[in-house]
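Trainee: From first to last, the protein sequence lines are chains V and U.
Quick note on numbering: my numbering labels position 63 of the first sequence as 63, and the sequence is numbered without any gaps.
Quick note on numbering: my numbering labels position 651 of the second sequence as 651, and the sequence is numbered without any gaps.
Calculated directly from the structure, the hints in this document are not laboratory data.
Accuracy of the hints is not assured; some may be wrong.
In silico lysine to any residue, SDA-like type, Cα no more than 25 Å apart, as pairs [unchecked claim]:
{"#": "1", "chain 1": "U", "residue 1": "K444", "chain 2": "U", "residue 2": "V322"}
{"#": "2", "chain 1": "V", "residue 1": "K81", "chain 2": "U", "residue 2": "K444"}
{"#": "3", "chain 1": "U", "residue 1": "K196", "chain 2": "V", "residue 2": "S83"}
{"#": "4", "chain 1": "U", "residue 1": "K587", "chain 2": "U", "residue 2": "E610"}
Sample of chain V residues with no beta-carbon within 12 Å of chain U, all distances over it, derived [claimed, not checked]:
{"#": "5", "residue": "M1"}
{"#": "6", "residue": "D51"}
{"#": "7", "residue": "G52"}
{"#": "8", "residue": "T66"}
{"#": "9", "residue": "A110"}
{"#": "10", "residue": "N130"}
Covered, in the sense of this in silico footprint (three residues per stretch, anywhere, with C-beta under 8 Å from a C-beta of chain V), are these stretches of chain U [stated by the list, open to error]:
{"#": "11", "region": "202-209"}
{"#": "12", "region": "522-528"}
{"#": "13", "region": "677-686"}
Heads up, the beta-carbon is just placed ideally off N, CA and C, and yes, glycines get one too.
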Amino acid sequence: MPKLKVNGRAQEVAVPDDTPLLYVLRNDLKLNGPKYGCGLSQCGSCTVLVDGQAVRSCVTPVGSVTGQDITTLEGLGTLEKPSKLQQAFIDEQAAQCGYCLNGMIMSAQALLDKSPKPTEAQVRSALDGNLCRCGVHNRVVRAVMRASRGA
Amino acid sequence: MNIMNPTRRALLQGGSLTLAFSLVPPALAQRAAKMEGAALPGDLKLYPKISSWLRIEEGGKVRLLFGKVEIGQGIVTAAAQLAADELDIDMKRLVIVSGDTRVVPNEGVTAGSQSMQYGGVAVQIAAAELRAYLVARAAEKLGVDAAKLRVVDGTISGGGKSVTYWDLVAGQKIDIEATGTVKVKEAKDRRYIGKKVGRLDIPPKATGALIFIQDLRPDGMLHGRVVRPPAYGAKLVSVDRDVATMPGVKRVVRDGSFLGVIAEREEQAMAAAEALRRATTWDLPKDVPTSDTIYDWLKAQPAKLITIKDVASPIADKTKKVVEAEYRRPYHMHATIGPSTAIATVAGDGSVLIQTHTQSPFETAAAIAQMLNVPKEKVQCEHWQGAGCYGHNAMDDAAADAALLARYMTGRPVRVQWSRQDEHKWEPYGSAMVVRVKASLDEKGDIVDWDHTIWSTSHGTRPGGRAGNLLPAQTLEKAHPLPTPVNGGAPNYAADRNGIPLYEFAGTHVRTHFVEKLAARASSTRGLGAYGNVFAIESFIDDLARAAKADPVEYRLRYLKDPRAREVLQKTAEMFGWSKWKAAPGKGRGIAFARYKNLSTYTAIAMEVEVEKASGAIRVKRVSSANDAGEIVSYDGIVNQVEGGIIQSLSWTLKEGVRFDEKGVRSEDWTSYPILTFSEIPPIDVKVIDRPGQPFLGAGEASQGPTGAALANAVMDATGVRFRDVPFLPSRIKAGLMA
Numbered sequence: 001m002p003k004l005k006v007n008g009r010a011q012e013v014a015v016p017d018d019t020p021l022l023y024v025l026r027n028d029l030k031l032n033g034p035k036y037g038c039g040l041s042q043c044g045s046c047t048v049l050v051d052g053q054a055v056r057s058c059v060t061p062v063g064s065v066t067g068q069d070i071t072t073l074e075g076l077g078t079l080e081k082p083s084k085l086q087q088a089f090i091d092e093q094a095a096q097c098g099y100c101l102n103g104m105i106m107s108a109q110a111l112l113d114k115s116p117k118p119t120e121a122q123v124r125s126a127l128d129g130n131l132c133r134c135g136v137h138n139r140v141v142r143a144v145m146r147a148s149r150g151a
Numbered sequence: 001m002n003i004m005n006p007t008r009r010a011l012l013q014g015g016s017l018t019l020a021f022s023l024v025p026p027a028l029a030q031r032a033a034k035m036e037g038a039a040l041p042g043d044l045k046l047y048p049k050i051s052s053w054l055r056i057e058e059g060g061k062v063r064l065l066f067g068k069v070e071i072g073q074g075i076v077t078a079a080a081q082l083a084a085d086e087l088d089i090d091m092k093r094l095v096i097v098s099g100d101t102r103v104v105p106n107e108g109v110t111a112g113s114q115s116m117q118y119g120g121v122a123v124q125i126a127a128a129e130l131r132a133y134l135v136a137r138a139a140e141k142l143g144v145d146a147a148k149l150r151v152v153d154g155t156i157s158g159g160g161k162s163v164t165y166w167d168l169v170a171g172q173k174i175d176i177e178a179t180g181t182v183k184v185k186e187a188k189d190r191r192y193i194g195k196k197v198g199r200l201d202i203p204p205k206a207t208g209a210l211i212f213i214q215d216l217r218p219d220g221m222l223h224g225r226v227v228r229p230p231a232y233g234a235k236l237v238s239v240d241r242d243v244a245t246m247p248g249v250k251r252v253v254r255d256g257s258f259l260g261v262i263a264e265r266e267e268q269a270m271a272a273a274e275a276l277r278r279a280t281t282w283d284l285p286k287d288v289p290t291s292d293t294i295y296d297w298l299k300a301q302p303a304k305l306i307t308i309k310d311v312a313s314p315i316a317d318k319t320k321k322v323v324e325a326e327y328r329r330p331y332h333m334h335a336t337i338g339p340s341t342a343i344a345t346v347a348g349d350g351s352v353l354i355q356t357h358t359q360s361p362f363e364t365a366a367a368i369a370q371m372l373n374v375p376k377e378k379v380q381c382e383h384w385q386g387a388g389c390y391g392h393n394a395m396d397d398a399a400a401d402a403a404l405l406a407r408y409m410t411g412r413p414v415r416v417q418w419s420r421q422d423e424h425k426w427e428p429y430g431s432a433m434v435v436r437v438k439a440s441l442d443e444k445g446d447i448v449d450w451d452h453t454i455w456s457t458s459h460g461t462r463p464g465g466r467a468g469n470l471l472p473a474q475t476l477e478k479a480h481p482l483p484t485p486v487n488g489g490a491p492n493y494a495a496d497r498n499g500i501p502l503y504e505f506a507g508t509h510v511r512t513h514f515v516e517k518l519a520a521r522a523s524s525t526r527g528l529g530a531y532g533n534v535f536a537i538e539s540f541i542d543d544l545a546r547a548a549k550a551d552p553v554e555y556r557l558r559y560l561k562d563p564r565a566r567e568v569l570q571k572t573a574e575m576f577g578w579s580k581w582k583a584a585p586g587k588g589r590g591i592a593f594a595r596y597k598n599l600s601t602y603t604a605i606a607m608e609v610e611v612e613k614a615s616g617a618i619r620v621k622r623v624s625s626a627n628d629a630g631e632i633v634s635y636d637g638i639v640n641q642v643e644g645g646i647i648q649s650l651s652w653t654l655k656e657g658v659r660f661d662e663k664g665v666r667s668e669d670w671t672s673y674p675i676l677t678f679s680e681i682p683p684i685d686v687k688v689i690d691r692p693g694q695p696f697l698g699a700g701e702a703s704q705g706p707t708g709a710a711l712a713n714a715v716m717d718a719t720g721v722r723f724r725d726v727p728f729l730p731s732r733i734k735a736g737l738m739a
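So here's chain V without its partners, still in its complex pose (with noise of 0.2 Å):
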């Protein structure tokens, strides 16, 4: 039975080491950031940090993280308290439809959490695996710019 730390809270869920933990998030922990986008790792909507890492959670099995500080786009921060990077998004207007915002914010929080100034070429590379199809791709730039400077 699969010991996890979510968003700093302890947590014990009943499904088998191989289950996706996208899932055990999504379904078991009842937490809506992370969403099934491709399940193949190829488009970052279900991006989550592991130990302060971007992982892809479609592909992570449950029992590979055991332990280590997972955190969720929830743990950021909540509707009626944003974090910064958050709030940075809603400045912005950073979405259109939104479902790839979960992966946006939580790959730009990885990369601002090494790299607290980064350049906006840094910004496109570190984002460049996570796909919108809405074209929001320069607004959300502009709100990881944002975010970083008001660190």
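We have chain V; now place chain U onto it with these hints.
Mentor: Only chain U this time, still in chain V's reference frame:
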């Protein structure tokens, strides 16, 4: 859409919160209602009762009932801006319900960039009329002349007295109809319309609050998955494995070639569906068109020839030269990031509730009722937001899947989310097109006559209340065949959308070969035929300008008479720095223009590209775009839509084309159907010209056509070679440059 309506359940359960609605209206309103000839705008014509749209509720709330739905375009926020401004209330007072067939007006499909023109304006006028009614009531109650009353956030005051909307009508029923005589506010008196207002749905989306259909988890929910055939028209022959013993499996459902499984957990349903898929044998049809033969196939099919414009040129005798060219676009995917999802619950009495991100809740409910062979009123749809769709994708098919599976699990909600592969392979694409443009030119290279011919399949197979438009219904034992598609006519058109150029030539002829058969599954995709037609028109006119040794902007202006069109084109050129631009090896600039549907937003696009001749790689360096969408409600909303459309159209034009053959669709994930990514996206400058007092014009699809053409024109400028086949893959460009 329900993040803002915590009391939705109470309303749906017939709770006491609703104040509805049959008070005898004051004399004033009644007299106005009887005035003849007061035409109601937009969807208010269909639902003239104010209570269909707005209700004053206890607790200082106002409920907005909206038949259009949020698909990431910001329409719900725009409707809220309109309602709050005209009612003089804070936006926070609004409780918004949209797309729930049990309570909202039936506004048809949220599509075609028409939500502001039909739905937005209805909300605006309904709100203005409700305010006028409430002020008249207050005048009676307070004994103060209505002209002396003012409203601030729902409190009506004047002559030292005041009353709130909620005090005024608490416990009473309002039953008035729109009169068409109430004026909307002037721009200077507005607090929200045209002002910077953040989208209501972005904060929940940025923080993981519940707003997406994908995140709904009703109690007792099970997970369903459907095993799709390998190829179009395939028939299920056998299933050689019993998955009923796999972990969590509750039920395997087979009905003709429809094969599905229901399990306790999502990953269990996925595993069982995959095991089933591997154990299936299918009969595949032979001699089918493929993505390699599609253009010949289109031209070889029997087709309906539809002429939409045929004006003979009175100056045909001036013709010195006739030129023509043919343009091709492949099937494009909507390619949503979040695969289609629905939750269906069949109650003990046989009624069906479907939670869905459909764009057409009423028509989808009716189609599903037909598929299930139950009375129409037994099926209701409740709209929740999904991922961006950009037209008719698998949203309704997922709803039908869920309904079919839920029949076997009475009382338990069954959730179906399509796999990435199924979404890529089975959504209805934007149809391939061949467009041939021909022009007669005089001795100076000016256009004497213009001729535009289209070959395409259907661009519209939305549910429309018919089961045969639902993918799973086509595969049942008692199958519902796909209804013969029809081409949409004027003024919106379909394959021939934007086939008529906005340019005023002496003679113009436009016709479509409408192929009724489908080669690949196809339906409405952002802009429909506008993308292919504008690509062709704007590429062709660019070459005519070049041949006439004229500047492409100046040459277009010779034929563009509409002053708003001219301004958009000129402003785009100015934003881009057209006149100051300096040529350099490998660099090129291109410009293109269209007014979407010839009746909606005016959009021009200019861009600069760099083409690497050795590899054929195109790099878009920057894009400028001026637009005119009539009166602006949300400036940033329009910019966001236009910019998103530019990026999507760049992606279509540079990279995309669905591959399929006799074994099925080969574009089945993001590797085999790549889209544009962050590192490939240029700086984009979008501006919108405000036209106060002019009708709202939809902007959601306006940039699709001009973007592709501007890119083609820029590549031509950079290389001297005209590319007429989309997509502009490096291999194709390289081959074209070597030829």
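Trainee: Would the least Cβ to Cβ distance between T66 (chain V) and chain U come out above 12 Å?
Mentor: Check passes; 18 Å lies beyond 12 Å.
Trainee: Taking C-beta pairs only, is G52 (chain V) more than 12 Å away from all of chain U?
Mentor: At roughly 19 Å from the nearest Cβ of chain U, G52 (chain V) sits farther out than 12 Å, so the non-interface label holds.
Trainee: Is it correct that the beta-carbon of N130 (chain V) has no partner in chain U closer than or equal to 12 Å?
Mentor: violated, 7 Å
Trainee: Between K587 (chain U) and E610 (chain U), is the straight-line Cα distance small enough, at 25 Å or below?
Mentor: holds, 5 Å
Trainee: Examine each Cβ of chain U, and state whether all of them lie more than 12 Å from the Cβ of M1 (chain V).
Mentor: Non-interface label on M1 (chain V) holds, nearest chain U Cβ at 15 Å vs cutoff 12 Å.
Trainee: Holds or violated: are the alpha carbons of K196 (chain U) and S83 (chain V) at most 25 Å from each other?
Mentor: Holds: K196 (chain U) and S83 (chain V) sit about 22 Å apart, inside 25 Å.
Trainee: Taking 25 Å as the top limit, are the C-alpha atoms of K444 (chain U) and V322 (chain U) close enough?
Mentor: Since the Cα atoms of K444 (chain U) and V322 (chain U) sit roughly 13 Å apart, the hinted pair holds (cutoff 25 Å).
Trainee: Verify that the Cβ of D51 (chain V) lies farther than 12 Å from every Cβ atom of chain U, and report whether the claim holds or is violated.
Mentor: holds, 20 Å
Trainee: Are at least 3 residues of the region 677-686 of chain U within less than 8 Å of chain V when you compare beta carbons?
Mentor: holds (count 6)
Trainee: Against chain V, does the region 522-528 of chain U show at least 3 residues with beta-carbon separation below 8 Å?
Mentor: violated (count 0)
Trainee: Checking the smallest CB distance to chain U, is A110 (chain V) really beyond 12 Å?
Mentor: Label holds. Min Cβ-Cβ 15 Å, cutoff 12 Å.
Trainee: Between the alpha carbons of K81 (chain V) and K444 (chain U), is the straight-line distance 25 Å or under?
Mentor: Given pair K81 (chain V), K444 (chain U) is violated - Cα atoms ~66 Å apart, limit 25 Å.
Of the numbered hints stated above, those contradicted by the structure are hints 2, 10 and 12, listed in ascending order.
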